[in-house]
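Trainee: Here the protein sequences line up with chains A and B, keeping their order. Sequential numbering from 2 applies to the first sequence in the working numbering. Sequential numbering from 16 applies to the second sequence in the working numbering.
Derived by calculation from the structure, the hints in this document are not laboratory data. Among these hints, one or two may not hold up.
Said to hold, decoys possible - For each label pair, taking beta carbons as the anchor points, the in silico distance ranges come out as: (1) B/Glu188 - A/Ser144: 55 to 61 Å; (2) A/Leu126 - B/Arg128: 55 to 61 Å; (3) A/Arg49 - B/Gly139: 48 to 54 Å; (4) B/Asn127 - A/Arg292: 42 to 48 Å; (5) B/Ala136 - A/Ser144: 54 to 60 Å; (6) B/Arg239 - A/Leu126: 40 to 46 Å; (7) B/Ala180 - A/Ser141: 39 to 45 Å; (8) B/Arg128 - A/Ser115: 40 to 46 Å; (9) A/Arg49 - B/Glu188: 37 to 43 Å; (10) B/Ala141 - A/Asn54: 36 to 42 Å; (11) A/Ser141 - B/Glu35: 34 to 40 Å; (12) B/Arg128 - A/Arg292: 55 to 61 Å.
For glycine and all other residues, C-beta sits at the position ideal for the given N, C-alpha and C.
One letter stands for each residue in the lines below.
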Amino acid sequence: MSSKSIAPPIQDQAALHTAGEHVVNRESGTSIASTRKRYSADDNAFLRSPWLNRLLPFGLPLLLLIGWQLLTANGWIAGNILPTPVEVFRALIRLLGTGELVENIAVSTSRALSGFAIGGGLGFLLGVVNGISQLWEKISDSSIQMIRNIPHLSLIPLVIVWFGIGEEAKLFLVSLGVFFPVYLNTFHGIRSVDRGLVEMGKVYGLSRLALYIHIILPGALPSILVGIRYALGIMWLTLIVAETVAADAGIGYMAMNAREFMQMDVIVLSILLYALLGKLSDSMAKLLEKRWLRWNPVLSRK
Amino acid sequence: MTVDQAAFLHVDHIGKRFGERQILSQVDITIERGEFVAIVGRSGCGKSTLLRLIAGLEQPTSGQISIDRDTKASSAAGAEGRRSTRFLFQESRLLPWKSVLDNVRLGIPDKNRHTAREALAQVGLADREKEWPGILSGGQKQRVALARALASRPDLLLLDEPLGALDALTRIEMQQLIERLWIEQELTIVLVTHDVSEAVALADRVLLIEEGHIALDMRITLDRPRERDSGFAHFENQILGRLLQRDNRQPLPMVRQPNFSI
Numbered sequence: 002m003s004s005k006s007i008a009p010p011i012q013d014q015a016a017l018h019t020a021g022e023h024v025v026n027r028e029s030g031t032s033i034a035s036t037r038k039r040y041s042a043d044d045n046a047f048l049r050s051p052w053l054n055r056l057l058p059f060g061l062p063l064l065l066l067i068g069w070q071l072l073t074a075n076g077w078i079a080g081n082i083l084p085t086p087v088e089v090f091r092a093l094i095r096l097l098g099t100g101e102l103v104e105n106i107a108v109s110t111s112r113a114l115s116g117f118a119i120g121g122g123l124g125f126l127l128g129v130v131n132g133i134s135q136l137w138e139k140i141s142d143s144s145i146q147m148i149r150n151i152p153h154l155s156l157i158p159l160v161i162v163w164f165g166i167g168e169e170a171k172l173f174l175v176s177l178g179v180f181f182p183v184y185l186n187t188f189h190g191i192r193s194v195d196r197g198l199v200e201m202g203k204v205y206g207l208s209r210l211a212l213y214i215h216i217i218l219p220g221a222l223p224s225i226l227v228g229i230r231y232a233l234g235i236m237w238l239t240l241i242v243a244e245t246v247a248a249d250a251g252i253g254y255m256a257m258n259a260r261e262f263m264q265m266d267v268i269v270l271s272i273l274l275y276a277l278l279g280k281l282s283d284s285m286a287k288l289l290e291k292r293w294l295r296w297n298p299v300l301s302r303k
Numbered sequence: 016m017t018v019d020q021a022a023f024l025h026v027d028h029i030g031k032r033f034g035e036r037q038i039l040s041q042v043d044i045t046i047e048r049g050e051f052v053a054i055v056g057r058s059g060c061g062k063s064t065l066l067r068l069i070a071g072l073e074q075p076t077s078g079q080i081s082i083d084r085d086t087k088a089s090s091a092a093g094a095e096g097r098r099s100t101r102f103l104f105q106e107s108r109l110l111p112w113k114s115v116l117d118n119v120r121l122g123i124p125d126k127n128r129h130t131a132r133e134a135l136a137q138v139g140l141a142d143r144e145k146e147w148p149g150i151l152s153g154g155q156k157q158r159v160a161l162a163r164a165l166a167s168r169p170d171l172l173l174l175d176e177p178l179g180a181l182d183a184l185t186r187i188e189m190q191q192l193i194e195r196l197w198i199e200q201e202l203t204i205v206l207v208t209h210d211v212s213e214a215v216a217l218a219d220r221v222l223l224i225e226e227g228h229i230a231l232d233m234r235i236t237l238d239r240p241r242e243r244d245s246g247f248a249h250f251e252n253q254i255l256g257r258l259l260q261r262d263n264r265q266p267l268p269m270v271r272q273p274n275f276s277i
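Chain B extracted, bound-state conformation (with noise of 0.2 Å):
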């Protein structure tokens, strides 16, 4: 992959170790501006903690990572300047003592009420802001989450597998306001997640991370809207098998066997 003159986040050579384990070791990532990228792969594999050391949550043990804020787009983003990197979790990580709208109001750097709300109507709880997290579906605190993190116009969102703990039709419904918000705010998106048919739906590359390493850098050249059709199966069907190769490659081992003769 050749760095050229849009590339906006640049992941180069990152290696990051726990003790004696090494989780990742020589990561190139380029992505551009406006890019949406999944990283899937199996749990375990890193790519949990690639989002992390994007994030600055943790910090790589060799290489580096660098973020390219485009100063004119910071000026444009109000007089707090500099668009900000967001990040979503896995769990809503709500505050359970605010009020949804408080909740909002945390991600804004000066606080604007008016601000959290219109964030909360691109979401479509405009009408719960009163209310207290306890009481939301999780579907709906995962929303407050996603309202939270675009409020301030960050230009990079990080998702750590975000609906991984929601039901499929939810999970269906967040995948197209992530996709329909991503498209109105010109983000950049990186997107952690094990489910493969999630990245082909969403992304326009799919990195699949194996044994720390970049196994595979897929481009998916479908159109949005997605149609899950015989394209998007052709994708999902390739990634998957690029998936499961490893196991394949060693034989079954016998389980069975005629114990009778004749």
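Pulled out of the complex, with its shape left as it was, chain A reads as follows (with noise of 0.2 Å):
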């Protein structure tokens, strides 16, 4: 997917976020504004009060799991289509009593992270190369355009060929995965950086390196970040198949091997913690945001 169609979403929700804010905040004028204010006074009485504020994102989830154990506890589902969530739970202690789910974990999470890494970081590299120089641009765009457009968990078959079930093969799929999204979105960052600015730093006298450093890099950082969401996303499914598909350790390993023993308990276990691992990642990508574009007034919120 292009940066283009990721960016303004995340931009378009944090202006009506507080957008809406100044709504609330505005004392009362004419009868009309007054009701306009009424109104989203209602919408956002849950959002005014600070501990039903932070509550309210895990409601429905709550509700979810109310509705879950209710219908199998019950026998509507069977259990052997759909274990209680009291039955994963103790799958969860009994597993971690092993200690063979904090291996498991730490496992996939370390697969999941180099391989981020390395192709998290080639990206950002080729990026920044491709935003800088029309010569790198002309020479490399087009290919890795190309390359883009395969799906990049159709080469499963080749990789299995290439490397059989061991670490390189998920490494080399997370990285392809990961790649992809964070190169184009350092690219379109660093080209769409206010030429005005680049401009003043010149006149300014600032060198090739502080000119990098100080504007072309924070301008473009926005646009790095929201890659980097992103391929998050993309890390974790990518790991997930490519477990699922051939492995002899980790968290997909680990539900493959349950499925053997029908041990549907285990298998629902780790389908949760994948999205809680993702749940986790994007959480930290959204800190990183918030520290790093504090200066963003359509991003700090007060």
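Reconstruct the complex from the two isolated chains, following the hints.
Mentor: In structure tokens:
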């Protein structure tokens, strides 16, 4: 996916949010304004209380969990189709006790992160080089665009032939998947840095290096972070598929192994773990965004 | 105009063309050290291009520009030596990801915090040094940009319609600020503007550019601080009259004609 289609929604969300707050904070005006104010005040009643605000995102998952428990415990859904949440929780405790779970999570996480570091690092470097140099862009960009359009997961048969089911196979797939969003967004970010600011830097006597450190990279950072957030999603997705197809350790392996013995609770636990890990890495990326883009009046909310 | 010893900035037979379009041709200007020169003209007459040529942002097609840097002044300017040219753009061009203070420090060769604070105090924004530029008003941003330009104590300041986007009150405040700093810091200033009254209010000399040539070079002999009195209006009218002259020569097209007869 191109960065252009990713970037705007996030900014729009933030803009909507601030716009909403603005309406709430406004003092009452004419009758039309005050009805509008009451409307949005009702809408945002939950958002105004800090406690409710913090708990609200957990409401829907909790509701789903209760529904799931009701459906499975009463036998409306058979136990060999879907285990109850309590059973899944017991599996969690059991696997934590044997140390199996911690080990598998560690294996999966280190695969994910090293793949991300390699693919993301290469994508970033190439994005910077192509963003700066028209010549390199001419040489490499069309090849990159062609490779980008191959679904990287379709390479699995080839990868198994090349690397077997070892670590290299997973590393390769994750790196490949992560490479493109980071590359595209870095490239796009650098190309869309305000030319006026670069010109200002030149007039004020900044060296080439200082120009990159103080103007071009910070200017590209919002776009790069969007690429990283998107890449983190692809990172887990790729790893799940790769581990499920062929692995001898990791969360995906744990799930496939449990299938052999019809351990439904372990299978569901593995799936939930992926959801949690994905959410965790997304939150981390969000945190980076908040720290590094504090200056952005659209993103910083007081 | 004669080239005398005090000549500081010398624009010598400058010509500039973009493709087929000749923007400037055979422009000669001599500016003395410490002079405040305003360049006015219609939009698209090449006045901004002239300023960018002086700044070295564009290369002339013909002719040359020389700036005579006083070596004594440069040793007094500090260890960094050479005093420099600074440019104030129409937009503030502050880096949104740097605090106000760090933006000002960008203009100082040794990045000295103390110097940056002094420059901010000069434009009356000492208490805003920790803010992000994004929350400042247009006038405040332009004042920070002015502090950034002046922090390195340049000897030549080029202003490219820096007040064009400001409201009338802020604009007058900024004009007074620029005039005060010009007197305090012994600057040479070249101001490009489309506002004739701004030019008359600030400049020692007003140059009018028309079709790529200097069409008028007028010395404003009013005392400072300048009041908008009849003397002021006299200069303003004279320059405006010259600016609009070209249109008056052409007869107005007949828009309404009586279509009835008795």
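Trainee: Hints first: check each against the structure and report whether it holds.
Mentor: To see whether the hints hold, each was checked on the structure:
One distance hint, 55 to 61 Å for the beta-carbon pair B/Glu188 and A/Ser144, holds here, with the actual separation near 56 Å. Between A/Leu126 and B/Arg128 the Cβ separation comes to about 34 Å, which falls outside the hinted range of 55 to 61 Å. Distance hint for A/Arg49 and B/Gly139: a CB-CB separation of about 38 Å, inconsistent with the stated range 48 to 54 Å. A beta carbon spacing of about 27 Å between B/Asn127 and A/Arg292 contradicts the range 42 to 48 Å that was offered as a hint.
Taken as a hint, the range 54 to 60 Å holds for the pair B/Ala136 and A/Ser144, whose Cβ atoms sit roughly 55 Å apart. For the pair B/Arg239 and A/Leu126, the beta carbons lie near 57 Å from each other, so the given range of 40 to 46 Å is not met. Separated by about 41 Å at the C-beta atoms, B/Ala180 and A/Ser141 satisfy the suggested range of 39 to 45 Å. Restraint check, B/Arg128 to A/Ser115: a C-beta distance of roughly 41 Å satisfies the suggested window 40 to 46 Å.
In this structure the hint that A/Arg49 and B/Glu188 lie 37 to 43 Å apart at CB holds, the actual value being about 40 Å. Taken as a hint, the range 36 to 42 Å holds for the pair B/Ala141 and A/Asn54, whose Cβ atoms sit roughly 37 Å apart. At roughly 36 Å, the beta carbons of A/Ser141 and B/Glu35 sit within the given window of 34 to 40 Å. For B/Arg128 and A/Arg292, the Cβ-Cβ distance of about 23 Å falls outside the hinted range of 55 to 61 Å, so the restraint is violated.
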